[in-house]
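Novice: Sequence:
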Amino acid sequence: MKIIPMVYEGVAHIHRLGYLHRDIKPCNILRYENGVYEISDFGLVRKTIPSGESDVPTSLNIRLGTDNFVAPELMYSQ
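Numbering (the working numbering), first residue to last: 1 to 78.
Since the hints were made in silico from the structure, they are not lab data. These numbers come from a predicted model, not from an experiment. It cannot be assumed that every hint is accurate.
[Claimed, not checked] The calculated label-pair distances, taken between Cβ atoms and stated as ranges, are: (1) S40 with K2: 16 to 24 Å; (2) M1 with S40: 18 to 26 Å; (3) P5 with K25: 14 to 22 Å; (4) Y37 with R16: 12 to 20 Å; (5) I24 with I49: 15 to 23 Å.
[What the hints assert, rightly or not] Straight-line C-alpha distance at most 30 Å; calculated BS3-like pairs for lysine-lysine: (6) K2 with K47; (7) K25 with K2; (8) K47 with K25.
No residue lacks a Cβ here, since even glycine has one placed at the ideal position from N, Cα and C.
Work out the full structure, taking the sequences as your base and the hints as a guide.
Specialist: Right under this line is the structure:
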């Protein structure tokens with residue numbers, strides 16, 4: 001239960017900066033020896049205000065994400 005507020009604050013911080021992470025999953029949450037948890041892997045980050053740079057992968061119809069965590073309907077969309 002102590003992990004959830006730390007992850008929530010990380011997501012809230014990213015949103016305040018104008019970004020969406022788009023790949024929150026257990027293996028993207030890092031635990032440090034001091035008991036602090038942080039979000040990692042910003043490879044799918046996207047600006048909340050669309051721009052050409054952050055829209056390119058989506059507009060090319062590329063499936064993003066990890067196979068074990070992607071929605072089933074997206075697994076067979078290519």
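Novice: Now tell me if each hint is right for this structure.
Specialist: Hints and how they fare:
{"no.": "1", "hint": "S40 with K2: 16 to 24 Å", "in the structure": "holds (18 Å)"}
{"no.": "2", "hint": "M1 with S40: 18 to 26 Å", "in the structure": "holds (21 Å)"}
{"no.": "3", "hint": "P5 with K25: 14 to 22 Å", "in the structure": "holds (18 Å)"}
{"no.": "4", "hint": "Y37 with R16: 12 to 20 Å", "in the structure": "holds (19 Å)"}
{"no.": "5", "hint": "I24 with I49: 15 to 23 Å", "in the structure": "holds (20 Å)"}
{"no.": "6", "hint": "K2 with K47", "in the structure": "holds (28 Å)"}
{"no.": "7", "hint": "K25 with K2", "in the structure": "holds (16 Å)"}
{"no.": "8", "hint": "K47 with K25", "in the structure": "holds (19 Å)"}
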